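Student: Position chain B against the provided structure of chain H, taking the given hints into account.
This is what each chain is made of:
There are 2 protein chains.
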Amino acid sequence: MEIAIENTLFISKKLLLNCIDFWFKFIVIIMESALYLIPNTLGDCNITNVLPTLNVDIIQKVKHFIVEDVRTARRFLKKVDPSINIDELEFFTLNKHTSPAELSSFLHPLEKGFDMGIISEAGCPAIADPGAEVVRIAQEKNLRVVPLVGPSSILLGLMASGFNGQSFAFVGYLPIQANERTQRIKQLEKRAKIENQSQIFIETPYRNHKLLDEILSTCQGNTKLCIACDITLDSEYIKTKSINEWKKIKLPDLNKRPAIFILY
Amino acid sequence: MEIAIENTLFISKKLLLNCIDFWFKFIVIIMESALYLIPNTLGDCNITNVLPTLNVDIIQKVKHFIVEDVRTARRFLKKVDPSINIDELEFFTLNKHTSPAELSSFLHPLEKGFDMGIISEAGCPAIADPGAEVVRIAQEKNLRVVPLVGPSSILLGLMASGFNGQSFAFVGYLPIQANERTQRIKQLEKRAKIENQSQIFIETPYRNHKLLDEILSTCQGNTKLCIACDITLDSEYIKTKSINEWKKIKLPDLNKRPAIFILY
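First to last, the sequence lines map onto chains H and B. Counting along the first sequence from 1, when you hit position 76 you're at 571 in the working numbering, and nothing is skipped either side. Counting along the second sequence from 1, when you hit position 71 you're at 566 in the working numbering, and nothing is skipped either side.
The following block holds chain H by itself, in its conformation from the complex (with noise of 0.2 Å):
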């Protein structure tokens, strides 16, 4: 009898450990599931120039992702690895048309315990970049989020620079309206030297000789102007000269090429 009861008591300590051990790897799976934040390119590139290779190998297990255009997020991610088999992934598209409650949607599988991936059109998602607005929500859920490494334009436009790295700002675009536009260039060129604070912005591809033409004629002739266009691509372009100077020269070929200007 004490034998039977004390088999008994063994076997249902047993259950008891396995659904102890079965509960641990659901809620570790649940735990370690995350939203991670995939670079792209910035352009025509070797994948291997510009991602590590730990980005590859967590492409390979994500099945659900977040991207702004699924024609070309498919594209890179065959580009990254042409095995993939892009008819099991889904795909969830996030641009200005999304609507806030379809947005919060999107990370049901993450929810359930399944990793996304944010992937960006070019560069780092939630830089400059739609990708900010479901990694807030994310975070207010309380879900893990995982940025992973790769290229930014703006990173490594400042990096090469030369300039004040120890403070800087990237503001985006400027103001389109022409007045607007001067006052905004004057204030920005005015904190990079009160503040000492590099100053980073961004213009359309095709607006990039306008903006260079305002700046050359709105600052004064000793600020200086970081230019660089194509990073990371075989046409990369990043210099830096005084206002003065860049008057002087032949001013690069910047029309439809992505750039980014600093201002120190």
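If you're looking for bench data, these hints aren't it; they were derived computationally from the structure. Errors might be hidden in some of the hints.
Same chains, same names: a pair is fine if it fits in one copy or spans any two.
Stated by the list, open to error - The calculated BS3-like cross-link candidates involving lysine-lysine, where the alpha carbons are at most 27 Å apart (straight line), are: (1) Lys-636 with Lys-743; (2) Lys-685 with Lys-573; (3) Lys-751 with Lys-705; (4) Lys-685 with Lys-705; (5) Lys-607 with Lys-556.
These numbers come from a predicted model, not from an experiment.
Tutor: This is chain B only, laid out in the frame that chain H set:
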């Protein structure tokens, strides 16, 4: 006679072409040589997690390095490629004791046509790091500067924060004096709200807890704070909460761990 002259001319042409070819190749070599900005890991992790293989290829061909600490730079190079012959490499030490004259002389190998590399102690050279001064000189001398991709705790922290990535500023360390420090925190909080600009700053790791206490007691309850520490390491921690929420939970142990703070 005519044939002889023709032959002579023919040889001269060939010689001339050879000469032109030689000088062209020489100029290309000189032009192609670059100052590579080589990022380091952010702590103890696999190289392949955070650095593209291009970086390894470049490290293998560069023989002249500008570094903050020769000992740690050697260790990094050995980790990147255990077969590297450290003894054939030249190191220039760049720190707060380096004079401007010395600094300028560091670039002599580059001016002679040899590739050079700047290696940071952690993360990206020239970002919150003395390397920017060498890059400034290289740009002044119109030398080629090539930034390589690698981990930046500033950028990775911002990506994972869910904060505004269309406008952000990194402001380095806060003032040490208590009053100034409180004022600075308030000023950053105000700028984050008025300019809709994420404000990123850092602290010496052993003072992280003191800074966190100051932020929590200085900022408004609805201000958001992202704490990111040990980025890219196994112990990575990146969480965004409002000041009120942070006050209610057990705070993470940040002591002696490299951390990034972001207000928004």
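Student: For every hint, state whether the structure bears it out.
Tutor: Against the structure, the hints:
1. Lys-636 with Lys-743: Close across copies (16 Å), not inside one copy (55 Å); limit 27 Å.
2. Lys-685 with Lys-573: Close neither inside one copy (46 Å) nor across copies (45 Å); limit 27 Å.
3. Lys-751 with Lys-705: within (12 Å within a copy, 48 Å between copies)
4. Lys-685 with Lys-705: Within one copy only: 21 Å inside, 33 Å across.
5. Lys-607 with Lys-556: Close inside one copy (16 Å), not across copies (47 Å); limit 27 Å.
In this structure, the one hint that does not hold is number 2.
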